[in-house]
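So the protein sequences, as listed, match chains L and F. Going by this note's numbering, the first sequence opens with residue 1, and the numbers climb by one from there. Going by this note's numbering, the second sequence opens with residue 1, and the numbers climb by one from there.
Don't read these hints as lab results, they were simulated from the structure. Glycine included, each C-beta is placed from N, C-alpha and C at the ideal position. A few of these clues could be false.
Once the Cα atoms are required to be at most 16 Å apart in a straight line, the calculated EDC-like pairs of lysine to aspartate or glutamate come out as [as the list claims (entries may be wrong)]:
(1) K332/F to E124/L
(2) K488/F to D507/F
(3) K394/F to D412/F
(4) K453/F to D156/L
(5) K453/F to D49/L
(6) K73/L to D111/L
(7) K386/F to E366/F
(8) K386/F to D327/F
(9) K303/F to D327/F
(10) K382/F to E366/F
(11) K459/F to E61/L
(12) K459/F to D49/L
(13) K348/F to D327/F
(14) K273/F to D406/F
(15) K459/F to D111/L
(16) K238/F to D221/F
Derived DEER-like restraints, expressed as beta-carbon distance ranges [as the list claims (entries may be wrong)]:
(17) R118/L to L59/F: 49 to 57 Å
(18) S149/L to D194/F: 55 to 63 Å
(19) N400/F to S149/L: 38 to 46 Å
(20) F298/F to G97/L: 54 to 62 Å
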Amino acid sequence: MPKLSLTALRGRSSRSAAISVLALLAGVLFGVGLFTFGYARGASYLTDDPAACVNCHVMREEYEGWMKASHRKAAVCNDCHTPSGFFGKYSTKAQNGFWHSFYFTTGWFPDHIRLRPRNVAVTEQACLKCHAAITEGIQATRRHDEGLSCISCHSDVGHAN
Amino acid sequence: MPLGRGEVHSSVKFVMQEEPPRTPRTQRREPGGLSSSEEIRLHLARWLGPPFFLAFLALLAVLINLAGYPGRVLSGRYEVTRYELGWETFCQPVGKQQALTPDLGAHKPHPFIHGRAATTPLQKGISMSEKTGSKKVFWLVIFTALATFSVSALLVNIFERKQEARQPFVRVVELTNDTDDPAIWGKNFPQQYDDYRRTVDMVRTRYGGSESMSHSPTQADPRSVISQSKLQEDSRLKLMWAGYAFSIDFREERGHAYMLIDQRLTQRVTEFKQPGTCLNCHASVTTTYRKLGGGDPFAGFEKLNAMSYAEATKLVAHPVACIDCHDPATMKLHITRPAFMEGIKAYKASQGVANYDVNTMASAQEMRAFVCGQCHVEYHFKGPEKRLTYPWSKGLKVENMLAYYDEIGFRDWVHQETGAPTLKAQHPEFEMWNQGVHARSGVTCADCHMPYKRAGGLKVSDHHVQSPLLNINRACQGCHHFSEAEMKDRVETIQSRFFGVRNVAMDALMDLIADLKRAREAGATDSELARARNFQRKAQFYLDLVEAENSSGFHAPQEALRILVESTDFSRRGQLALRGVKPFEKVNLNSHRSKLDLQARLR
Chain L
1 MPKLSLTALR GRSSRSAAIS VLALLAGVLF GVGLFTFGYA RGASYLTDDP AACVNCHVMR
61 EEYEGWMKAS HRKAAVCNDC HTPSGFFGKY STKAQNGFWH SFYFTTGWFP DHIRLRPRNV
121 AVTEQACLKC HAAITEGIQA TRRHDEGLSC ISCHSDVGHA N
Chain F
1 MPLGRGEVHS SVKFVMQEEP PRTPRTQRRE PGGLSSSEEI RLHLARWLGP PFFLAFLALL
61 AVLINLAGYP GRVLSGRYEV TRYELGWETF CQPVGKQQAL TPDLGAHKPH PFIHGRAATT
121 PLQKGISMSE KTGSKKVFWL VIFTALATFS VSALLVNIFE RKQEARQPFV RVVELTNDTD
181 DPAIWGKNFP QQYDDYRRTV DMVRTRYGGS ESMSHSPTQA DPRSVISQSK LQEDSRLKLM
241 WAGYAFSIDF REERGHAYML IDQRLTQRVT EFKQPGTCLN CHASVTTTYR KLGGGDPFAG
301 FEKLNAMSYA EATKLVAHPV ACIDCHDPAT MKLHITRPAF MEGIKAYKAS QGVANYDVNT
361 MASAQEMRAF VCGQCHVEYH FKGPEKRLTY PWSKGLKVEN MLAYYDEIGF RDWVHQETGA
421 PTLKAQHPEF EMWNQGVHAR SGVTCADCHM PYKRAGGLKV SDHHVQSPLL NINRACQGCH
481 HFSEAEMKDR VETIQSRFFG VRNVAMDALM DLIADLKRAR EAGATDSELA RARNFQRKAQ
541 FYLDLVEAEN SSGFHAPQEA LRILVESTDF SRRGQLALRG VKPFEKVNLN SHRSKLDLQA
601 RLR
């Protein structure tokens, strides 16, 4: 047994007070964090519901455009803007989700927002995935790196904006 | 002698202007660079983003790592535990760690790798570990507090974003038909007012915009900043306008904020007697009309025109302001300038629409061009009463306007060198836009010069009226899905082609003026010179129209080049006329192409 001096005892009690404060703070952090997650409808981002994409008003035009566009009956946001497969889908959601929240929080984004090259590729793959029967013939006569892009002509099938 | 307007870049630093005194934020942009404030922020975000993200991840890792502590802390055993990847290895000085752990062995298992660690009592006694323990608690509190702080900040931010989306509008003051001060309107519409004030920015684009030049203030001209002289950029302009006030002082146009001060202080006004008519478009006169006319704006308009400039300028206080375009009760766009009401009525009559009343018959989208067309148009001062009149009764094309002037026998001045009765064209942006593809597509002035921007959840027109080249993302990329660099390049290609042809036309006019001057000095009579003088009048008006037009050909690229080609043709025909050569004019109607050609000429 180590020897316990009076100062050591006092130290121990002030330490347990500090520990209580710490526990309280950790609880506050957890509570505020949980509330923030709920308030920001964090769980909705794990779903395929297009309404999740208009949680923040930046996507309002795109959402409204999709409501009126031809693809509304065939595809939701995630069908075209995330790759297929669990890992691809959620890693893309995580990446874009991080940047969306970063830019929307800071307000440092150009408006009209524009797709980054990686996301253009994702969308392009989505076209080819569903329209394989039509696009096979085109792809047979063109090398895939020739830069032929579905959306350079069919830019408004998903949403006009 | 191509005088590259675009190549002149002054390095003079922009100094704040005393009048107008409000300068919320000004920035200088490199002419070819991409550094609007948004882009700077974007670059910042690009650079700061990843570190933020990493810091966020590191904080998360630390917090998770710490999460294991309280239990051990409470059991009083934490101080003797050391994990090889644990928090304290990062925090403690190396010497201290060694002193703390003299006999712990080489490695302790990490709780995330090997499950919860077995704790080992420290042999050295408790006093040392108490000290490190309270230090740890201190740091833990700091970090938990910081994390809570950040999460709360994020929460508030989310809250604010959600509030913004509800589009709040707070009416602070009552606006009436007599409220001319934009600052009062700004209380209700702070976002729009803030943008409106930014028209003080002086930024040049490759072929346009304005560049700030420092100026030593004098008693007569207290401005410390002015824009560069166009007459110095291209001295041919002096000869083109010889005998007219524009050949004395003509500077690059600046933003809306400067319209009044720059007019009051130009030598065209200080050294020549000008009518009050000028103020129809260089000041906010909507309330002035009503005051002068005892409530009747048309009567006020006529009174203002009849006054001298010196007299009339005392009655105005602001550059173009909110009330000039907006109805104070509904905020709908409205037309306040009688000259535009009359002009557009005459134009519509020529198109077969009788009794056109712009304020009740124009669509909301048309209004987004018409409010600008109140002033950005070709005009003349009609008759001795100097009534502001737009020459549109035959149409909006250059030949229609010239035909109107020919019909009423109007001239702005007699050319000093040649004696030709010449016309000065002025800023016909509205007419030129009407000839272009954007107008045909229903895209108006405001769509590109005041594009929508987001202020929180609000969508507002950017009242910082400026060149779309300084705001390509918002101005162009809503419709054109190409990169900003590509869009800029497209515009500058159009403008540089225009500028080249403009120089050809300018040289041709200089040749005609020189020939006319020589013939006049050699004693040619007025009747001998009449034909060539008329060609000068035409060539001058055509060239001046696109030169004075502030888009360097962009508003209607093909039309601008057509006008320049015809101007060049007029100049050369004038020279031929002086030499007694009759140019080929007969159109061969036998071929289909010639018929088409004739139709095109007659249209």
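Task: Contradicted hints - numbers only - done: 1, 2, 3, 4, 5, 6, 7, 8, 9, 10, 12, 13, 14, 16, 17 and 18
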